[in-house]
Every structure is written in C-alpha cells, then in structure tokens.
Amino acid sequence: MTKFRTVSKMKEIMTNYYVEAKTTKEKPIAWITSGAPVEFLYAMDVIPIYPENHAAMCASAHQAMDVIDAAEAAGYSQDICSYARTDFGSAMTKGGPVGGLPEPDFLLCSTNICKTVIKWYETIARVKKVPLFVVDTPFLHEGLTQGLIDYSIQQFKDLERFLADFTKRPFDKDRYQNVLEMANESTDLWMSILRLGKTIPTPINAMDAFIHMAPIVTLRGTQECVDYYKELLVEVEERVEQGEASIPNEKYRVLWDNLPIWFRLSRLGKFFTEQQCAITAATYTNSWGGMVKGKWESDDIYEMMAASYLYNYINLGFKERIEYLAKLIEENSLTGFIMHSNRSCKPYSVGMYRLQEEVSALTGKPGIVIEADQNDSRAYSDAQVETRLEAFFESMDPVVTA
Amino acid sequence: MYKAFQDVISNVSATVLKHEASLGRPVIGVMPAYFPMELIDAAGGYPVQLWGNNLPIHHADAHLQGYCCSVARSMMELELRGSAKMVKAYAFTTLCDTLVNLREIYNRTFTKPDVVLSMPMTRTMEARRTYLKDGLKSVASGLESITGQKITDESLADAAACHGRTRELQRELYQIRRDKPGLIKNRDFYSVIKAGFFLPRAVYNEMLSELIQKLAPLEAPEGKRVSVVVSGLVFDPIDVFDIFDELGMDVVDDDFANGWRTVSKDTLQTSNLVEGVARYLYEAAPCCCLYNADNDRHDYLVEKVRSAKADGVLFWYINFCEPDAFDAPLLKARMKEEGIPNSSIDIDLTTTNLDAVKTRINAFAEILEG
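Quick mapping for you: the protein sequence lines, in order, are chains A and B.
Quick note, the first sequence lines up with residues 1 to 402 if you use this note's numbering.
Quick note, the second sequence lines up with residues 1 to 370 if you use this note's numbering.
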C-alpha cells in the first residue's frame, strides 16, 4: 500500500462518524445500501449507516468469519451474499471492529447494486421491526430512458414524504440542495483523484483507493467528505508532480473488476508490489464517481440525480459494460485486466466469462478471471489465485513508457 | 388418466414441434417467472415455459459459474447444446440477479431476439404504474416484431380468457387434491401441472377439463396419511414426488413459483392492462422474488398450512437460490412459533441420485407420524 498522509485524517473522520452514530440521542439512524440516495437523509439530519461498509471493515480486520459462522448457525445459507451474512452475524453477536452497528430507526435500500439487497433489508426489517423504504432503480437492459428517470423521481418524491412523516417536519428542500452540491463536489474530487491514476507510473493504485473510498460511500453529502478529498487530491497531485509511483518499478498496469477481496487486501497488495503490477483502475471505486456524466443532460436536479443513481456500472447492460471497460483500458494505458468472479456478488460476476472474452477481443489486452469472494475466506485459495495471476502477468506486455 | 400428461413431459421437444407445426406460430421460450404469457398468445406466439431441466452440465460451465443455480445453468446448457432450436425468441422477467444477467449473456452469445419485462419493486403505486406502462409498451412492440402480428384488444381479451381458464382449471385440480388427499398421486399431479408448460392453451384446457370430470366422482382413499405443504421455487426434479408416493405421503398444497404462485393468479384484466399486470404480479400468492411488503409470505404460508390441514411444511431448496435462501431462516422460525413442523431438502435440478433426499423426507415423515 502507498503511504498517504491523509490516511490519519480518514481514520479520524470515520471514527467520529461511528462515534456520533453510536452515541446520538437526537438523530434518527437509517441503515442504507451503498447505492441508495443518501442526500435525502442528510437533508433531514438522519445518520446513514452502511452495513456494506461495515461488513468490509469486519473482513479487512479479519473479523468477518466469526460473525459469518454465527449467521450460518442461525440458518443463513452459505449461498447468500457474505456481506449480508457478516452483518446478520454481527447484529447477533455484536462482533466486529466497532462492536456492532447502532440500531436502525428505518431502512433505505436501492436496487441499483443488486436485487439481493431487497432480501437482505426485508430480513433486517423483520428482525428489527422497522420500516423499509425501497428505491427501485431497475437494471438498464437498454440504457437510460425517460420512463426510468420518471419512475425514479416519483419514488424520490415519495421518499421525501416518507422522511417528512418519519421526522414529523416538512422535507427541507434548501438543505437538500446544499447537501446535493456537497455530494457532487465530493464525487467530482473523488473522480479527479482516480483519474490521476492514469499517470505513468501511477501515483495511486486501486488497493489504495479501496481504502480511501470509505468517506465517498458513507459521508457523501457532508463538508467533511469534501474537505477530505480536497486534501487527498492535493497529495496525489504532489505525487504526480514528483513522479512518485505507488508501485516501485511499475511494469504492468491493470484494471480490477468487482469488489476487493477484503480479507486479503494486504497480502495481495504486497503480491502486486512484488510483481511490479499497479492496479490502475477499478470499476468498483469508479462507481461513486458520477459515471453518468455525458449520458444524460437536464437542468432538473431530480432528473440528474435519478440518472446518476440508475447509471451505475453493475446496473448496466453488457454492451455498455464492455464499452466502459475498453475505455478504461485505453485511457489508463493498461496492459491487461483482472476480473474477480465474486461468489457473493452475482450482478457483478454472472456473465464475467463472456465479458472477459469480448473485452480482450476488443482491446487486444489479456484478461483473467479469478474465483474468490469479497468476505468469505473459505471461497478463496492463496495458492490458486496467485499462481493464476503469475501466469497472467507473464502473458502481458510490459507498459510502454514515453 | 395421466398418461397423456406424462407423455408430454417425457417428450417435450416432439410435443412442442408438433404443436408449432399445427399452430404455425413461433415458439417463444418463457424464462422464470411470471411473464404474462397472455401477451405472447395475443401477439400470435406460442409460449413455452422453461423452468430448467435435468441435462448434465457440460457446455454451460464455460458461461456460468458453479455458484449459479441449476435452473439458469441447465437452461443455458439446453441452448448451447442445440436442443432449443425450436425456440425462436425468449421472454425474460427480472426475477433475480442471475436471471437479469442471464438475459445479457443470451443477448451477447446467441442471436435470438428477446423481450424483457422488468418488474417494478416499489410500494410507490404511482411509480409502479408509470414504469409498467413504459415496460409493457416495449414488451408489446418487441413481441409484435418477433411474430409480425399486432396485439389487438380482441386478441388480448381472447388470450386472457384462455390463460385465465387454464389457471381456473388448475385451481379446481388443486382443490380436488386438498379435498381428496391421496386421490391423485403426487407425481401425477405435478405431471399434469408440468405438461401445461409446453402445451398450447386450448389443447391443455381441454385435457384438464376432461381430467377434472373424470376425477369428480372419485373418492379419496380410506385412512389418514401424512400430509405436507411443499414450498420452493421450482418443483423439479419431478422424481422427488415418487419418494412421497413410495412413503405414502400426500402433498396437499404447494407454494412453488411454477405451482400455486402462478396458478393463483386471476384472469388478466386487459381493459386496463397496466392495472391488470400490476394485480397479476402482486395480488396473487406472494413470492420471495417479488418485493411486496403488503402481501406477507409468513402469514400466507401459515394460513395455507392450516387451511390445507397439513401436518407440516417441507422446504424444497434449489441450491444457490438467494431469494429463497434469505427468506428461509425467519420463515422456518415462524413455522416453529406456530407449532408447524418443518424440514427441508437441498437439491439441484440436475441431481440424479436422490438417496439423501429420500432419507431426509423419510425422517420428516416419521416425525410427522409421531
């Protein structure tokens, strides 16, 4: 991993965030999916808590398997998403690095990352006996349409009514506008940082970005988030100016598709460093970067918000995914791409063999699919994955420097 | 009495080819689940339901990971090995994450046209209508371009009546089974339902009416046998029902996506198609794949078991089915709370050795017999 000064600041703001959530007496708590429109919550002083982010934290801290065991003992099959099992288990045992999450007052989930979240959140709603609001953002089999935009906006307006009822005060439109501006500023900053990854040698690789994405997921729409990414951007820009590489003697530059393997982040970080391979771009980290730019134009803020929540990488049909992957490979001067076939994430993984074939054919770059899981270490073998990756590295032509 | 139905399910290709030729209509493969097939008939297509099969997986491994369910994998196998040649186009719904992506894989891998009905998962009623209106328009025009025929008010009303009649007759059959447990062998019952996946409506309706007439005067066998409700996505492999028959158990009702969850749907209202399809999707028996908090699965299943006077519930789990797996623990806990014994079997459609399943069902039967 690259050493960034800002890491300590991130730890501080993330700690503050969890401390506030766990100690607040006044603010309601909502559990929310990573792709849900959090801006509405911040506008109404609701603290959003992200079970997905929490599950990733548990796995990075090597505390996921204990809580997963508890969920499985309670009957949750190994076939279901390991994030969900992590969170069910953590709720049962109060296990994990923050000792479990603060109890929710209501739930908000959006289907732009999967349909599985509906099942996950329905289960939480039953266990916790709290209301669930679903914002359905359907899969874009044929791209964005006005019908899909209108469908989403009608649900956003309903969400405003739900929040007004829940908090017993009118929805705060001014505050919402303000939150939206901060959210947009954060995503712009985040994308500026990620785009600097294209510099040869890359100043920040995806293993770093996986760590630094916590605020864009959880604090998007707050001033802390804006301030944090301003600082990080300055630091990454300095690295570009000084030609500091995140991986010494960068030889290969690749794309990572799908979630990280959280419980192997540090070992894989070392492995990639030894292999002189920088993971320069990742579809996952880009998912919080307003991918919709240039895909939909409107002066209406609701329309733009609907478009951006619909136009999420794993909510796209394969034609658009292929074009996007090829574009990232081209723009970042990549030598190949790695696809993580993630047992826990079917929307990301089912069809990956086809995608790999087509993207390779289109770009002429080698790609590899590795079988793993975001949180469940039983679905992972160091030896198998590393051997496959070594063979893959050998198949790549090293990066051409100017 | 059941031979004609059994012949259909053991000769699916020949059956479909024969009817395709006599109808002169293109075969549209209907993927799981809940696609309103009335629209296909109204557009002059011949809908054939695909709920997976028992082909050993060879070719599909190169396209679908081992953690995809056997429903998806076996359907892909069918197409890849060239056994689905008679299917001219596909109709998908957005039932689960695997099927959503499966449509994309088909779209990139094969050249057959398709239509997709995206099912809204919202409680915002206005939004649901907006979305279905848009979605149905695109499904209708897609079907029309596949068949080359327009959907008219008349053709839609006729198709709705015909499909509505099928489900009405199937409901009668379900009622006979409840009233006279043991009269219809478990395997026979599901052979009758399964034959309906492949036959044109008019042909199937006639066969069903005839069967019901024959069954009407007959009585249930004497004596009390163990009775269960079975719950799951897909009632295959059908050989599992032989186990119930051998053990003298009666399935008195079910909660299968391709069983009662579909059979329970009323005749599609076509005068206002958007409202009609919304009701068709959400007002019938609940499904783990259709988000509808106003139609609670727990209460529904408790009520079903009670009203069917069943001794217990058997959960029939198709491996890797996440929607079903998510619901299972709390649903089982609720059954326990209500004092309803339950057990489960885990299975793939492609499973051929049913020894473990038999042991499991046998053990459950012993518990129920007390």
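Think of the hints as simulated: they come from the structure by calculation, not from any bench.
Please note that the accuracy of each hint is not assured.
A few chain B residues facing chain A, derived, Cβ under 10 Å [stated by the list, open to error]:
hint, residue
1, THR124
2, THR130
3, GLY148
4, THR152
5, GLY248
6, ASP327
7, ALA333
All residues carry an ideal CB built from backbone N, CA and C; glycine is no exception.
Checklist entry - Does the interface hint hold: is B:GLY148 within less than 10 Å of chain A, judged Cβ to Cβ? => result Violated, about 21 Å.
Next on the checklist: Hint validation: B:ALA333 versus chain A, beta carbon distance must be below 10 Å. Holds or violated?
Outcome noted: holds (8 Å)
Item to check | Per-residue hint verdict: B:ASP327, partner chain A, C-beta under 10 Å | outcome: Cβ of B:ASP327 sits 7 Å from chain A, so the hint holds.
Item to check | Hint status (Cβ of B:THR124 to nearest Cβ of chain A, threshold 10 Å) | outcome: Holds: closest Cβ of chain A sits about 4 Å from B:THR124, inside 10 Å.
Item to check | Hint check, B:GLY248 versus chain A [nearest Cβ-Cβ separation less than 10 Å] | outcome: B:GLY248 check fails; min Cβ-Cβ to chain A is 29 Å, beyond 10 Å.
Checklist entry - Close enough to count: is the Cβ of B:THR130 nearer than 10 Å to one in chain A? => result holds (5 Å)
Checklist entry - Is the shortest C-beta separation between B:THR152 and chain A less than 10 Å? => result violated (24 Å)
Consistency with the previously given hints fails for numbers 3, 4 and 5, ordered from lowest to highest.
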